[in-house]
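A.B. asks: For reference, each letter of the sequence shown is one residue, going 1 to 418 in our numbering.
To be clear, the hints were calculated from the coordinates, so they are not data collected in a lab.
Please read all numbers here as calculations on a predicted model, not as lab measurements.
Some hints here could point you the wrong way.
[Claimed, not checked] Result set (SDA-like, lysine to any residue): computed pairs, CA atoms no more than 25 Å apart in a straight line:
| hint | residue 1 | residue 2 |
| --- | --- | --- |
| 1 | Lys163 | Ala203 |
| 2 | Lys259 | Pro26 |
| 3 | Lys259 | Ala203 |
| 4 | Lys338 | Ala276 |
| 5 | Lys259 | Glu411 |
| 6 | Lys108 | Gly77 |
| 7 | Lys129 | Phe72 |
| 8 | Lys387 | Val250 |
| 9 | Lys163 | Arg85 |
| 10 | Lys129 | Thr86 |
| 11 | Lys164 | Arg99 |
| 12 | Lys88 | Tyr112 |
| 13 | Lys290 | Lys338 |
| 14 | Lys387 | Ala31 |
| 15 | Lys88 | Pro170 |
| 16 | Lys163 | Ser125 |
| 17 | Lys266 | Val199 |
| 18 | Lys266 | Cys245 |
| 19 | Lys164 | Pro190 |
| 20 | Lys266 | Arg383 |
| 21 | Lys266 | Leu226 |
| 22 | Lys290 | Thr271 |
| 23 | Lys88 | Val131 |
[Unchecked claim] Per label pair, the in silico range of CB-to-CB distance:
| hint | residue 1 | residue 2 | range |
| --- | --- | --- | --- |
| 24 | Ala21 | Asp372 | 17 to 27 Å |
| 25 | Lys387 | Asp187 | 36 to 46 Å |
| 26 | Gly186 | Arg107 | 39 to 49 Å |
Note that beta-carbon positions come from the ideal geometry of N, C-alpha and C, so glycine has one too.
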Amino acid sequence: LAAASPAPSPPLLSHFSALVAATRKPVRQAATPHRELYTSEAVFREEEARVFESKWFCVGHASQVASPGDTFPSRVGRQPIFVTRTKKGEVRGFFNVCRHRGAKLVRKAGRYPVISCPYHRWGYSLEGKLVATPLWDSGPSAPKVDDKTKALFEVEEGESFRKKDHGLFPVRVDQWGGLLFANLSGDAPPLRDYLGDLVPDHAEYPYEELVVYRSALFDARANWKLLMENYLEYYHLPSVHPDLCNVSGVGEHQRNQGKGMYMGFKTEPLTDGGTAFDAARLQPMPGISKEGATRAMHTGIFPNVFFSTYPHSVMCIRMEPIGAEQTREHAELYVHPKALSDPAMVEQLDSVWAFFMQVNQEDVDIVEDLADGLHARPYTTGRYSFKFEEPLHRFGNMVADALEGVERIPEGDEGRGG
1 LAAASPAPSP PLLSHFSALV AATRKPVRQA ATPHRELYTS EAVFREEEAR VFESKWFCVG
61 HASQVASPGD TFPSRVGRQP IFVTRTKKGE VRGFFNVCRH RGAKLVRKAG RYPVISCPYH
121 RWGYSLEGKL VATPLWDSGP SAPKVDDKTK ALFEVEEGES FRKKDHGLFP VRVDQWGGLL
181 FANLSGDAPP LRDYLGDLVP DHAEYPYEEL VVYRSALFDA RANWKLLMEN YLEYYHLPSV
241 HPDLCNVSGV GEHQRNQGKG MYMGFKTEPL TDGGTAFDAA RLQPMPGISK EGATRAMHTG
301 IFPNVFFSTY PHSVMCIRME PIGAEQTREH AELYVHPKAL SDPAMVEQLD SVWAFFMQVN
361 QEDVDIVEDL ADGLHARPYT TGRYSFKFEE PLHRFGNMVA DALEGVERIP EGDEGRGG
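Produce the entire structure from the sequences given, and follow the hints as far as they go.
C.D. replies: What follows is the structure, encoded as structure tokens:
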């Protein structure tokens with residue numbers, strides 16, 4: 001496992017503290033973090049270690065490893081990893097690097113009986129054990145080559161080289177809600193402790209049964225935090241998403257945050273306003289309560305994934321931060337397999353997907369404008385609208401905790417009993 005990030009040096013800690021000082025105040029007096037947190041490559045490099053590699057970072061969906069051998073590559077900050085399902089059905093994660101010369105092992109998603117290095121064909125089992133070193137082996141499993149070639153390349157396994165000492169470097173992985181998470185530092189709390197009250201709050205939804213119906217990529221010229229913050233507030237809905245207001249009106253939004261490393265709110269009740277998202281147009285997912293059939297849950301899990309759970313489907317954005325002002329979004333629509341057996345439902349789901357793409361493009365466009373605006377020299381921070389933007393304040397303090405080396409899981413909203 002990768003080592004945990006060292007505590008920031010006193011000068012660095014002092015600098016981080018200055019950048020988030022206004023955010024540390026109570027929300028009614030607080031302001032956003034200093035613009036440097038959204039524009040500085042130096043800060044972004046610190047986030048790679050202190051945020052992405054030290055927390056539970058979402059890397060994909062469980063359906064990507066549905067069967068033994070299913071494997072896909074991903075990244076956590078600058079670290080390349082891959083996730084696979086073993087022949088025994090376990091989901092495992094590893095750094096995506098060959099122990100021989102450091103080549104990347106998995107170039108694209110697929111189903112692999114073994115993990116084979118494209119450089120020199122070293123082979124690893126799905127459990128991460130080194131099982132083949134072509135032209136080094138001399139036992140019954142060694143490849144058949146002529147004696148001259150064998151003499152040139154053969155290396156006997158002995159004190160200087162033992163396969164059991166050269167397995168893949170493991171990565172800690174876990175899953176919840178159909179989402180796959182990786183913790184590279186190895187010292188984050190167990191995933192369900194990390195998520196806290198989010199787990200029981202969403203217990204009625206059959207997340208584990210859902211499949212990916214559609215997917216798309218968005219490349220945003222903006223810092224990853226701006227995209228998360230945009231998702232976490234509904235203050236901008238009337239001006240940016242007037243169509244969305246017909247099903248998810250500003251007045252029906254309520255904060256919904258318990259203890260845990262997440263931010264959230266809900267729309268209750270949903271409005272049937274003639275949009276593709278209308279609950280009445282699609283059958284709800286199996287097992288959802290009467291109350292669940294008329295609300296949407298909007299959730300951001302720190303640091304890099306957010307999703308809206310409607311009665312009939314889930315719209316998810318997984319962020320892949322690339323630079324201080326460059327983020328790739330992996331957008332996916334999750335549905336229950338039963339919905340795919342009804343042609344009328346499939347047609348409606350296509351409309352849901354089109355509406356999702358419209359709304360997300362509207363978000364990307366406005367956030368890119370926001371990212372450009374942050375370069376105005378006079379601007380440093382802005383006051384939160386505490387009526388609408390408390391989840392942003394919660395998120396900003398999670399970022400501040402990570403940069404300052406504070407280990408803390410925030411408590412819930414007042415009235416939830418912590």
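A.B. asks: Determine for every hint whether it applies to the structure shown.
C.D. replies: Status of the hints after comparison with the structure:
As the CA atoms of Lys163 and Ala203 are separated by approximately 44 Å, the hinted pair breaks the 25 Å bound. Between the alpha carbons of Lys259 and Pro26 the distance comes to roughly 18 Å, so the proposed pair stays at or under 25 Å and holds. With a C-alpha separation of about 16 Å, the suggested pair Lys259 and Ala203 falls inside the 25 Å cut-off, and the hint holds. Taking the CA atoms of Lys338 and Ala276, the gap is near 19 Å; set against the 25 Å cutoff, the hint holds.
A hinted pair counts as satisfied when its Cα atoms are at most 25 Å apart, and Lys259 with Glu411 qualifies at roughly 4 Å. Only pairs whose Cα atoms come within 25 Å are accepted, and Lys108 paired with Gly77 is accepted, the gap being roughly 18 Å. Between the alpha carbons of Lys129 and Phe72 the distance comes to roughly 18 Å, so the proposed pair stays at or under 25 Å and holds. Using a Cα cut-off of 25 Å, the hinted pair Lys387 and Val250 holds, with the two alpha carbons roughly 11 Å apart.
At roughly 22 Å between alpha-carbon atoms, Lys163 and Arg85 fall within 25 Å of each other, so this suggested pair holds. Using a Cα cut-off of 25 Å, the hinted pair Lys129 and Thr86 holds, with the two alpha carbons roughly 12 Å apart. With a C-alpha separation of about 12 Å, the suggested pairing of Lys164 with Arg99 holds against the 25 Å cut-off. Proximity of Lys88 to Tyr112 is assessed by CA-CA distance (about 14 Å); at most 25 Å being required, the pair is judged to hold.
Our distance criterion of 25 Å between C-alpha atoms is met by Lys290 and Lys338, whose separation comes to about 19 Å. Between Lys387 and Ala31 the CA atoms are separated by roughly 13 Å; this keeps the pair inside 25 Å, and the hint holds. Of the pairs offered as hints, the one joining Lys88 and Pro170 holds, with about 17 Å between alpha carbons and a cut-off of 25 Å not exceeded. At roughly 12 Å between alpha-carbon atoms, Lys163 and Ser125 fall within 25 Å of each other, so this suggested pair holds.
Distance hint between Lys266 and Val199 is fulfilled; the C-alpha atoms sit about 15 Å from each other, no more than 25 Å. Under the criterion of a C-alpha separation no larger than 25 Å, the hint pairing Lys266 with Cys245 is consistent with the structure, at around 14 Å. At most 25 Å may separate the alpha-carbon atoms for a hinted pair to count; Lys164 and Pro190 exceed this at roughly 28 Å. Distance check on the hinted pair: Lys266 and Arg383 sit about 24 Å apart at the alpha-carbon level, within 25 Å; holds.
Between Lys266 and Leu226 the alpha-carbon distance is near 20 Å, which keeps this suggested pair within the 25 Å criterion. A threshold of 25 Å between alpha carbons decides the hint, and for Lys290 with Thr271 the separation of about 15 Å falls inside it, so the pair holds. About 17 Å separates the Cα atoms of Lys88 and Val131, which keeps this hinted pair within 25 Å; it holds. Look at Ala21 against Asp372: about 25 Å separates their beta carbons, and that is inside 17 to 27 Å.
Look at Lys387 against Asp187: about 37 Å separates their beta carbons, and that is inside 36 to 46 Å. Between Gly186 and Arg107, the C-beta spacing of about 26 Å breaks the proposed range 39 to 49 Å.
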